[in-house]
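Participant: Below are the chains, spelled out letter by letter.
Number of protein chains: 2
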Amino acid sequence: MSYKSFKPENRFLMGPGPSNVNPKVLEAMSKLPLGHLDPQFIELMNDLKSLLKYTFKTENENTFVLSGPGSLGMEMCLVNLIEPGDKVIVCVGGYFGNRMVQIVEKIGGQAVVVKEKWGRAIEPQKLEDVLNVNPDTKIAVFVHAETSTGALSNIKQLSGIAHRKSCIVLADVVTSLGAVDIYVDEWNLDAVYSCSQKGLACTAGMSPVTFSERAVASIKNRKTPIKSWFNDLNLLQGYWNGGAKRIYHHTAPSNQYYGLHEALLILKEEGIENAWRRHKENSAKMISRLKQIGLEPFVPEGERIPNLITVKIPDGIDEAKVRSELLNKHNLEIGAGLGELAGKIWRIGLMGYNSNEKMIDYCINALKDVL
Amino acid sequence: MSYKSFKPENRFLMGPGPSNVNPKVLEAMSKLPLGHLDPQFIELMNDLKSLLKYTFKTENENTFVLSGPGSLGMEMCLVNLIEPGDKVIVCVGGYFGNRMVQIVEKIGGQAVVVKEKWGRAIEPQKLEDVLNVNPDTKIAVFVHAETSTGALSNIKQLSGIAHRKSCIVLADVVTSLGAVDIYVDEWNLDAVYSCSQKGLACTAGMSPVTFSERAVASIKNRKTPIKSWFNDLNLLQGYWNGGAKRIYHHTAPSNQYYGLHEALLILKEEGIENAWRRHKENSAKMISRLKQIGLEPFVPEGERIPNLITVKIPDGIDEAKVRSELLNKHNLEIGAGLGELAGKIWRIGLMGYNSNEKMIDYCINALKDVL
Numbered sequence: 044m045s046y047k048s049f050k051p052e053n054r055f056l057m058g059p060g061p062s063n064v065n066p067k068v069l070e071a072m073s074k075l076p077l078g079h080l081d082p083q084f085i086e087l088m089n090d091l092k093s094l095l096k097y098t099f100k101t102e103n104e105n106t107f108v109l110s111g112p113g114s115l116g117m118e119m120c121l122v123n124l125i126e127p128g129d130k131v132i133v134c135v136g137g138y139f140g141n142r143m144v145q146i147v148e149k150i151g152g153q154a155v156v157v158k159e160k161w162g163r164a165i166e167p168q169k170l171e172d173v174l175n176v177n178p179d180t181k182i183a184v185f186v187h188a189e190t191s192t193g194a195l196s197n198i199k200q201l202s203g204i205a206h207r208k209s210c211i212v213l214a215d216v217v218t219s220l221g222a223v224d225i226y227v228d229e230w231n232l233d234a235v236y237s238c239s240q241k242g243l244a245c246t247a248g249m250s251p252v253t254f255s256e257r258a259v260a261s262i263k264n265r266k267t268p269i270k271s272w273f274n275d276l277n278l279l280q281g282y283w284n285g286g287a288k289r290i291y292h293h294t295a296p297s298n299q300y301y302g303l304h305e306a307l308l309i310l311k312e313e314g315i316e317n318a319w320r321r322h323k324e325n326s327a328k329m330i331s332r333l334k335q336i337g338l339e340p341f342v343p344e345g346e347r348i349p350n351l352i353t354v355k356i357p358d359g360i361d362e363a364k365v366r367s368e369l370l371n372k373h374n375l376e377i378g379a380g381l382g383e384l385a386g387k388i389w390r391i392g393l394m395g396y397n398s399n400e401k402m403i404d405y406c407i408n409a410l411k412d413v414l
Numbered sequence: 044m045s046y047k048s049f050k051p052e053n054r055f056l057m058g059p060g061p062s063n064v065n066p067k068v069l070e071a072m073s074k075l076p077l078g079h080l081d082p083q084f085i086e087l088m089n090d091l092k093s094l095l096k097y098t099f100k101t102e103n104e105n106t107f108v109l110s111g112p113g114s115l116g117m118e119m120c121l122v123n124l125i126e127p128g129d130k131v132i133v134c135v136g137g138y139f140g141n142r143m144v145q146i147v148e149k150i151g152g153q154a155v156v157v158k159e160k161w162g163r164a165i166e167p168q169k170l171e172d173v174l175n176v177n178p179d180t181k182i183a184v185f186v187h188a189e190t191s192t193g194a195l196s197n198i199k200q201l202s203g204i205a206h207r208k209s210c211i212v213l214a215d216v217v218t219s220l221g222a223v224d225i226y227v228d229e230w231n232l233d234a235v236y237s238c239s240q241k242g243l244a245c246t247a248g249m250s251p252v253t254f255s256e257r258a259v260a261s262i263k264n265r266k267t268p269i270k271s272w273f274n275d276l277n278l279l280q281g282y283w284n285g286g287a288k289r290i291y292h293h294t295a296p297s298n299q300y301y302g303l304h305e306a307l308l309i310l311k312e313e314g315i316e317n318a319w320r321r322h323k324e325n326s327a328k329m330i331s332r333l334k335q336i337g338l339e340p341f342v343p344e345g346e347r348i349p350n351l352i353t354v355k356i357p358d359g360i361d362e363a364k365v366r367s368e369l370l371n372k373h374n375l376e377i378g379a380g381l382g383e384l385a386g387k388i389w390r391i392g393l394m395g396y397n398s399n400e401k402m403i404d405y406c407i408n409a410l411k412d413v414l
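Chains as they are written, first to last, in this note's numbering: chain A, 44 to 414; chain B, 44 to 414.
The shape of chain A in the complex, shown without the other chains:
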């Protein structure tokens, strides 16, 4: 055990997140802490709200940040929306869809699974079919960008189908927010959560969320108490929506919020539509370069997450050794496969601050060297 100050290596973070961040974000995080009820901090919270509304493309009043990572956001949305016995349709095409099923069951919901092949977008007809035989479904949940496979689903279409059957729609945009087109209001997404360390290009540890009036009404009309205090929307509203008079809920991590604020400012300065375009363009360049060195995309064209490219591991390659050499020789982190794709794919992120030609060159050259 070393009792020296920690000096992290200068890694090139091109896995599924975290990614590298603009030095301005790190500078913001190192500013002096503030109290969670300081008037200046409350102004910052208001600014964060506005910036997140811009980022989510929503006018939802209930748009704020949870003081924990994206997986807390997943649990928070589910625990507020689901009452014991509620029927919940979960579209599963990868590891994170499976995690949603686990959470639904842990909190007493009845999960009905729409199963998709790992690496494919959810087929909308499958959701329609399952809804037809489950007309008593209360909530439909789906992952926009399945981080474990690299597949992007058409959540606009899925949301339309679910709404026609009067479901409340919950969407996971953990990997897509800030990097891929998302229109929360236009697409009628009722509850949405994300993370800070991917498309938003901040450090890990925060989960932006947004709730429509319809989702909030459903939560207010629950017949049973929300089975969490920390995640209870009603209590969080007292802290986030209270105008000048805020009700203490938890001690907000001020320095984390500073970082997210700075990252969102940078995103707004670029313009979110420009950020979406940048991710698409760099993704196309990266895929063509990967093909040149013999690495084939795992996901069919048209279903790929722009900011997280998955490639098949060529036969006869010791994939863990490759990743380890990339890390030790080139300081480059790429992601391993998760769940049933372990050993079969690599996951290469080009997210936020990292979605640029320099990183593409660096990654391709390192891969060429090691393979």
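Check before you lean on any hint, since a few could be wrong.
Identical copies go unnamed one by one, so any copy, or any two together, can satisfy a pair.
With a cut-off of at most 30 Å between alpha-carbon atoms, the simulated DSBU-like pairs for lysine-lysine come out as follows [as the list claims (entries may be wrong)]:
| no. | residue 1 | residue 2 |
| --- | --- | --- |
| 1 | 364 | 208 |
| 2 | 364 | 328 |
| 3 | 50 | 96 |
| 4 | 323 | 372 |
| 5 | 130 | 149 |
| 6 | 266 | 372 |
| 7 | 288 | 364 |
| 8 | 263 | 149 |
| 9 | 266 | 149 |
| 10 | 387 | 401 |
| 11 | 199 | 181 |
If you're looking for bench data, these hints aren't it; they were derived computationally from the structure.
Since chain A is already given, all that's left is putting chain B on it; use the hints.
Facilitator: Chain B alone, transformed into the frame defined by chain A:
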């Protein structure tokens, strides 16, 4: 709404936390992020574990950090230990004891309250009496330093009483860890949680926890599933206890962990017993200076939290105006009363990096000026 980079005021944080931190902690937090499975990050996690064992005075293998604030720690411990219908004795002498009751009830436990006057240490006989008429109690929970009142309970004694009745003991050391004597193993505390921004002198947003073998066995032997995925000890163990091979749970906030690591190093360098002594000595000085300017301690001698001093607000004072003037004129934050003590007391923190004579002088002079 301002779209400028955020520049926090240089506040003197002398409320109930957050407190000011050593600039080295902020510097650590601004280092480059690492992936949550990076071998170097796993080394850092191992170091954090060792440092926390030192800080908690425990050999518990299950000693780690939750990626959320202290209030998440409270919920995490309760949701793992309690099954629906379990009888839980909660000692309540303030706001945070009440919060525990709320959580116990939200997750389906049966809370039996040992009620103490706000501002007093829990009277051990009261716990004994309630245990005598509730021999089927599974868990006894108490707050060491009740942040809302300034009263410090004798949790060594409370733990002894609860253990003689075969209870599992859960202790909240949110405000005391690092500032007040705590011996987790010696005192037989089975599950313990804290926060990062008080005695540990880091920024807010993390919750150190530790679990005895007895607590872990009780969790493993549950008959019903843990009603949380994010807080499930079994899943967190896969990430924290996995040796070189870690199972991904959530994306750890690397930069927060850097900060905590640095803060714990600073604490170890001082020596925790020296830190305890420093907090006691500065507390005595502060109380005598407060008395000189006519501010009387709210809590009787012998029951006071050294690092969080509560004083009665003198008659005829507009307490909110005083706090606002301290903030605007002197950049000094002190805490208001919470719950039934709102308007009746102020809470003055002398924690971690702030427990020194310079801060005492600054606070006293500012109070003299404003009162």
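Participant: None of the hints should be skipped; say for each whether it holds.
Facilitator: Here is how each hint holds up against the structure:
1. 364 to 208: neither (49 Å within a copy, 54 Å between copies)
2. 364 to 328: Answer is within: at 26 Å inside a copy they meet the 30 Å cutoff, but 60 Å across does not.
3. 50 to 96: For residue 50 and residue 96, the Cα distance is within 30 Å only across copies (22 Å; inside one copy 36 Å).
4. 323 to 372: within (29 Å within a copy, 51 Å between copies)
5. 130 to 149: both (13 Å within a copy, 21 Å between copies)
6. 266 to 372: neither (57 Å within a copy, 49 Å between copies)
7. 288 to 364: The answer is between: 15 Å across copies meets 30 Å, while 55 Å in one copy does not.
8. 263 to 149: This pair counts as both: shortest intra-copy Cα distance 21 Å, inter-copy 16 Å.
9. 266 to 149: Cα proximity of residue 266 and residue 149: in one copy and across copies (18 Å, 13 Å).
10. 387 to 401: within (27 Å within a copy, 60 Å between copies)
11. 199 to 181: within (18 Å within a copy, 49 Å between copies)
Hint compliance for this structure: hints 1 and 6 are broken, all remaining hints hold.
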